[in-house]
Amino acid sequence: MDSFFRSEEMCLVQLFFQTESAHNCINELGHLGLVQFKDLNPGTVAFQRRFVKEVKKCEEMERILRFLENEVVKSNIPIPADFTSETIPVPRDVLDLESRFDKLEQELKEINSNRDTLRQNFTQLMEINHLLQMTDDFFEELPSEDSVYSSKVTCRRTSYTSTNGPLKLGFVAGVIKHERFPAFEKILWRLFHGNFVLRHAEIKPHEEENMAEDPVKKDVFVVFVQGDQIRGKIRKLCDGFHASMYPCPNNAYARKEMRTNANTRIEDLRLVLKRTEEFRETTLTAAAANLQEWTSKVKKMKAIYYTLNLCNIDITQKLIVAEIWCPVSDLNSVHTALIHGSEQSGSSLSPVVNRIQTQQTPPTFNRVNSFTTGFQSIIDAYGVGNYQEINPAPYTMVTFPFLFAVMFGDCGHGLVMTLLALWLILHQEHFRKLKNELIDMLVDGRYIIFLMGLFSIYTGLIYNDCFSKSFNVFGSSWSVRPMFHPHGPWTNDTLHDSGHLHLDPLVSGVYSGNPYPFGVDPIWNIASNKLSFLNSYKMKMSVIMGVAHMLFGVTLSLVNYINLKDVALQFIPEVIFMLSLFGYLIFLILYKWCVVMKSESAPSILLLFINMMLFDYSSEGTVLYRTQKPVQIFLVVVAVLMVPWLLFAKPLLLYRKHKQLKLFCLSLFFGVKKAFFSLQVSMADIFVYQGIHTIEYCLGCISNTASYLRLWALSLAHAELSEVLWKMVLQVALRVTSGMGSVLLAVTFAAFAVLTVTILLVMEGLSAFLHALRLHCTPSTYTPDVAFGFCS
Amino acid sequence: MAALSFVIPMSVMTLFWGIIGGVVPWFIPKGPNRGVIVTMLVLTAVCCYLFWLIAILAQLNPLFGPSLKNDTIWYMYYHWS
Chain A
0 MDSFFRSEEM CLVQLFFQTE SAHNCINELG HLGLVQFKDL NPGTVAFQRR
50 FVKEVKKCEE MERILRFLEN EVVKSNIPIP ADFTSETIPV PRDVLDLESR
100 FDKLEQELKE INSNRDTLRQ NFTQLMEINH LLQMTDDFFE ELPSEDSVYS
150 SKVTCRRTSY TSTNGPLKLG FVAGVIKHER FPAFEKILWR LFHGNFVLRH
200 AEIKPHEEEN MAEDPVKKDV FVVFVQGDQI RGKIRKLCDG FHASMYPCPN
250 NAYARKEMRT NANTRIEDLR LVLKRTEEFR ETTLTAAAAN LQEWTSKVKK
300 MKAIYYTLNL CNIDITQKLI VAEIWCPVSD LNSVHTALIH GSEQSGSSLS
350 PVVNRIQTQQ TPPTFNRVNS FTTGFQSIID AYGVGNYQEI NPAPYTMVTF
400 PFLFAVMFGD CGHGLVMTLL ALWLILHQEH FRKLKNELID MLVDGRYIIF
450 LMGLFSIYTG LIYNDCFSKS FNVFGSSWSV RPMFHPHGPW TNDTLHDSGH
500 LHLDPLVSGV YSGNPYPFGV DPIWNIASNK LSFLNSYKMK MSVIMGVAHM
550 LFGVTLSLVN YINLKDVALQ FIPEVIFMLS LFGYLIFLIL YKWCVVMKSE
600 SAPSILLLFI NMMLFDYSSE GTVLYRTQKP VQIFLVVVAV LMVPWLLFAK
650 PLLLYRKHKQ LKLFCLSLFF GVKKAFFSLQ VSMADIFVYQ GIHTIEYCLG
700 CISNTASYLR LWALSLAHAE LSEVLWKMVL QVALRVTSGM GSVLLAVTFA
750 AFAVLTVTIL LVMEGLSAFL HALRLHCTPS TYTPDVAFGF CS
Chain B
0 MAALSFVIPM SVMTLFWGII GGVVPWFIPK GPNRGVIVTM LVLTAVCCYL
50 FWLIAILAQL NPLFGPSLKN DTIWYMYYHW S
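Keeping their order, the protein sequence lines are chains A and B.
Here numbering that gives the first Met the number 0 is used: the first residue of the first sequence is 0, the next is one more, and so on.
Here numbering that gives the first Met the number 0 is used: the first residue of the second sequence is 0, the next is one more, and so on.
Please keep in mind that the hints were generated in silico from the structure rather than gathered at the bench.
Errors might be hidden in some of the hints.
Stated by the list, open to error - Restraint-style ranges between C-beta atoms, simulated for each label pair:
#1 A:L744 x B:N32: 44 to 52 Å
#2 A:L708 x B:N32: 34 to 42 Å
#3 A:L769 x B:K68: 32 to 40 Å
All of these numbers come straight from a predicted model, not from anything done at the bench.
Don't be surprised by glycine CBs; every beta carbon is placed ideally from N, CA and C.
Just chain A, same shape as in the assembly (with noise of 0.2 Å):
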């Protein structure tokens, strides 16, 4: 099947149906999913568009609609996930809901505003309420009203009070809030320098008052001070403060009768309360059982009518005329829902559905299933390839994991990857249910995450190491007894002498002569120099596995030559060059491995490459094997004369057709020197495309190649760090011979799994996702050739 290595065949597709039937065909032909109308209006603005009130209409809905879902969560509504109800919207669906959203949007603002008010007058009175009842002790210290104010009262300033005759003391009182008392306090010492008596007692609300969204703690004062200018000072002051005051009267009588009517005032008030919750209760809980079917149905309506906009309305208003580009695969499917459609809405005549043939490039489209959308999106992350062009994603679904996995490679954080992913599969609704972004890009790439981490298993056990430790299954095929007497130079002293023993492979019987038939021999994770071992290894596996890929993008790339006829002129340079070059630096590394040699002859592959492109051959002692020198240059001069085969050849030969068509053009017709001037500016481009092509792509296979190298530079940073957990983290605990070890060990181990999760996993997952993305991401791996219009 081969709609997922390249991109589907699309067809131009012209449809008529009639206006009422217009909506019904549009849905269904939004079911499906499958097409992409082209917009037959392109000179027109926004505004000037046919449907524009409708779809203005439509965001006005889903405005109030938003404002209604708010009003509902806050009053804590559940709103019920399920409807079944799939009504197709119709035009006078979209006035009938119109006016209901307006009336549900006047209703419920009018309760909001209601109950707001209603609420102010209740704190207003229960402030009352609070302030009579802690004036009575207040005014209680003062038996008459025309008595001296005595000294019980204790007064900061004594002074001021030793007068005769008797003082009409007079009052105001009110209601501050509670953290702006102090300040209120010390501006009045400042002001009347003590010329007052202040009191004040804090609110204390009971359980059944709470009827205000957030209380504030509020405090009751009393300031009781002579004169009125005095008072009126004060009034300001309280006004500046945002003290609310409140005509307190005189005598007890008084008091006692306003607190009653305040009593009264508040049950009624707190009756009026309760029912104007109920009613926007009962409101919103109608209005959210409709909720979801009344969004989807708006949503639906705007894209209709935004769809409508982009096709062509007849002059008689009774046909519409639109422009899709679907693939061909599907033209039955489309069809049969445009008669349904038609059906539904009752029309008697039937869509035409006309196929035309064009010659504008159809977009691409990749049909993926929920496997390969997660690999699909990468890959159009980078850049969605051109019409029929070869799709990467299949390819990309095996390589992209696998080189994460080389980076990772190690089998106990891949199970616990491969674990975390299946979880994420098999509770894919619940994780999406949560509606969270960070979850929700997990869940999307779960087959990803589950991939990686079966390869990371892989590579894990092929590197040994699982959490830092190895496995021994096979018997290592390194011994230690032939390197002592007879066989080889050790003895009992040597061990005593020194701290670190070196094996010799060349003594007999150190080295078994057959190596670890799986992975990485065990007894380097416990040698010292374990890392010279690993990091020659690492890094000639990279540039193996990173000229491989490259490799094989480039044979990829010639399916698509195949397509355009382009084969000659620049695969087989591309080929030649990077052959010649690094696969020759393969060649090289498999011989050193392959062939038996003593250590200190072995020259280093690195000095024998750079000496090869320097065609240095001067120092002794630099050849693998016997004819070395003539076979090297002969590469280099191959590599070197394919740049100007990749640079010229495609372009003389076009610029000879070209020349001929011209001259034929002149033969024939008059008049051409548009023509010529056209051609004279595209073959400039032509060279100018080329020459980039060239550059990029030589320059590009040498420093692609040398990126790969990052395989081993993470792979050796997450061995490194997991080695560092066991050492400092576990290995502490599990050292302890006391009792108390268990103890430890168990709080240790807790900290070992946080610390393996979150560094190993998380960090150095996102890490090496990222550099296998960015190696999936060179242009020179899957040139796209874009296609420059001089194919031939």
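For chain A, the structure is supplied; the task is to place chain B on it using the hints.
Here is chain B on its own, set in the frame of chain A:
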């Protein structure tokens, strides 16, 4: 005889990945996903086989040996045959 210990893993792994990459694709049932599944099998087999091959070839002719601590050597002398 000693070479046998190299031939056995070589042939087992080659056979294993050869079956996965070369034989199993013929048995995948026809359906819309057949192409994708076959591609994935072949690519997996090639990648994993190559990776294993590199690991075993790198250790075939070692130029230097591991450097061990003396108590590790002492332990290995008595406990690893």
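Indices of hints not satisfied (ascending):
The structure conflicts with no hint, since it agrees with every one listed earlier.
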